[in-house]
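**Q** First to last, the protein sequences are chains A and B. Residues in the first sequence are numbered from 1 upward in steps of one, following the working numbering. Residues in the second sequence are numbered from 1001 upward in steps of one, following the working numbering.
Keep in mind the hints are simulated off the structure, nothing from the lab. Mixed in with the good hints there might be a few duds.
For the chain A half of the interface with chain B, some residues (derived, Cβ under 10 Å), not all of them [said to hold, decoys possible]:
| id | residue |
| --- | --- |
| 1 | D138 |
| 2 | N142 |
| 3 | C315 |
| 4 | A409 |
| 5 | T415 |
The structure presented is a predicted model; accordingly, all values stated were derived computationally and were not measured. Heads up, the beta-carbon is just placed ideally off N, CA and C, and yes, glycines get one too.
Number of protein chains: 2
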Amino acid sequence: VAAGDPEAAHDFLKELPPGEDARVMAQLSDSEQQEFITLISDENAARLMESLPELQAGQLLSALPPEQAAPIFDEMHSDEQVDLLDQLPKSQSAAILEEMDPTAAENVRFLAQYDQLSAGGLMITELLAFEESESVDDVVSNLRQNAEKYGAYNVQYIYVINSELQLTGVLRLRDLLLAPPQRQISKMMITNPTSVLDSTGLQDLQHFFDAHPLFGLPVVDKNNKLVGVIRREDVEQAGEEQAGRTFLRFAGIMGGEELRSLPLKTRSARRLSWLSINIVLNVVAASVIAMYEDILASVIALAVFLPIVSDMSGCSGNQSIAVSTRELVLGVIRPRDWFYIFRKEFVLGMVNGIALGVLLGTVAYLWKGIPALGLVVGGALALNTLMAVCLGAVIPLILKGFKLDPALASGPILTTLTDMCGFFLVLSFAQALLPWLT
Amino acid sequence: VAAGDPEAAHDFLKELPPGEDARVMAQLSDSEQQEFITLISDENAARLMESLPELQAGQLLSALPPEQAAPIFDEMHSDEQVDLLDQLPKSQSAAILEEMDPTAAENVRFLAQYDQLSAGGLMITELLAFEESESVDDVVSNLRQNAEKYGAYNVQYIYVINSELQLTGVLRLRDLLLAPPQRQISKMMITNPTSVLDSTGLQDLQHFFDAHPLFGLPVVDKNNKLVGVIRREDVEQAGEEQAGRTFLRFAGIMGGEELRSLPLKTRSARRLSWLSINIVLNVVAASVIAMYEDILASVIALAVFLPIVSDMSGCSGNQSIAVSTRELVLGVIRPRDWFYIFRKEFVLGMVNGIALGVLLGTVAYLWKGIPALGLVVGGALALNTLMAVCLGAVIPLILKGFKLDPALASGPILTTLTDMCGFFLVLSFAQALLPWLT
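Chain A with its partners taken away, still in its complex shape (with noise of 0.2 Å):
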């Protein structure tokens, strides 16, 4: 890249194994991989942002001139334009749409209006569709002219429409080559074809094509006009994203999405507006703690434990959260099976309850030889591991019946309970067994 050598670019980007690029990439520095871009060609270019994270991608292009990225927004799919420009600030994306060629433009702000998990938001727009008056023969001597332009297409279908643009049938390719040549499409395409609404979401359309081996399905608005091809591929690579962004959310990175290029600000910002709502939620579930110190004062040793007790529930209600929400994007559950949830947590958490309480007391009571000290620490955990799976399985649900995220918000609401709630059965305990911990 330092020689500025578009030749050797083009041998590097080609020598790159598979799956290298993103993290070559990201090596790079700013000025650098800007340089590289424009050393390959626009094709090239467009493989590339397809193959990397879409952050990343969003990134590169973000520092490109307009009339340097609209020629590569060109060469990329239909779905993929829409994703991307999604990732650039306002001002750009529009400068952007008004060197993209006009056509192409147009079809990218039909396709922006929809949400980008549902069928017409991971639909591409890139589809044969002929009307049902034409032949066999049509079709085909169509798609030879057309050969290398479909190629890239990946073509499965071939749809009929009729005059009003409305999906009637659907052929399939290897049909074709059984079909006498003067039959007209109509005669032999699939009627009433499975489709589905542009509107459909993802978690409906995952399910779909779980159940059917299809490559493709047409997409229709509520006209049933054509708009689209939603390809499994899209719905699969969609549902990964979706299972990843779970995870970051989970673990307190907000908008599910970081990498370690982008600017620190932007990463920093982030993270902290995460931690700062937790801090705060922290500091209120300690102050159970300051309202206790006078017994904290006379048995100090509880402040060894306190911290056990809360962490240790923590885990076992993190547990339950992740089972839940793992159910929840399986399918297996919905927030009003609920009680059927907490029931079999109820008698998972008193087992485990259990089994930790004892461990925990019989460890508090061999190291100060007090067997009281035994019986408020290992109740307490005991009591909070059970409240703590059952609150654990409950709140995803019960986020996700209000509409809310259940792995961005279920881990702060419950580690607060759980804090709270651990500080006072350890110190309640303690107040009313004192005359026996001293």
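With the hints as your guide, set chain B onto chain A.
**A** What follows is chain B alone, placed relative to chain A:
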């Protein structure tokens, strides 16, 4: 189901919206589920099993006698057969293999030798292969004759092999459309087709399919013998499952899978095995507090801040862990990039550490009116956050470098270190500033 009417059962299955089946089955009792399976046809049972989460399907099949389970297995795709048999106890899977169609059983045994997350473990063996000497007409008439059987394969490519069963070429179904019937397929095939070794891992497969717009790839063994086909959808589904498992392991679910319909004993034991390691680590960390009991006794207010400092650093560190784990999965970073990551996180840790330290220090100062208390608490949180952020970023890379699972082990290692270090920092700072604290 209660009525035991096979027709009603079929109607019920048909009416279930896709994706609902897993939830409905989970709500039935074990005996009801079994009865339902015996009511519906083997083919429908096979489709149902394929659509359920693996763990759930495994449970259900393990309750059936082998002679009843075997015909259901016979109706499944080869890759699903292997995955599900893997879920059953050894003795039972052996009994089912005995009862199965011998060729299918042989095939399963062959597939079972592969790692589940390798090309061999993910491929299917249902494919169309023809010898080089055959003509277009031979192939097309074979396709016509077996249209029904092949329909279920969802064929996209035809593979060409030589007399030693080695892969020599590939043909797209649509190419047959345009070719003269008498031409020998070896004359028109794509020679030296792209293929993958059966030992190729999931991550490499994902990168490959990201980079190439293909629906499937031939899988060969080390002698270039064609052994199966790996489809994009299977790779993407495996990727999605992996992401879900990473999430669950991160929250302390051993094995990365738990469904509430599993027996209590299994669920409790799996969760406890992780918790009991954690409780030991927690006790070790808290023993730091025990060493400073006298300091704590003279400044009892510190007891309120000990859990806050350790919890908050744990949160900050978890954010770093999550980003590193995610970047490892995306292939943006590698273990050997640890120093680059460390540098990036060091700056972020400084910024966030100072922000959180000032915040908590101010709270402590305002509460008790003692400036030194603010200094102790704020300073300890700032330093501990810096350490947690750096450690959290690097620990997953180190674990990955040693071929350990970053998702499962990073959390407990990090929180033990941040707890110990947090307690130590607060209490040793307090010791140093003791004259100003009381």
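**Q** Next, verify each hint and record whether it holds.
**A** Now for the hints, and whether the structure bears them out:
1. D138: D138 of chain A check fails; min Cβ-Cβ to chain B is 14 Å, beyond 10 Å.
2. N142: At about 13 Å, which exceeds the 10 Å cut-off, the nearest Cβ of chain B leaves the hint on N142 of chain A violated.
3. C315: Interface hint status for C315 of chain A: holds (6 Å vs cutoff 10 Å).
4. A409: violated (14 Å)
5. T415: For T415 of chain A, the interface hint holds, since the closest Cβ of chain B sits about 7 Å away, which is under 10 Å.
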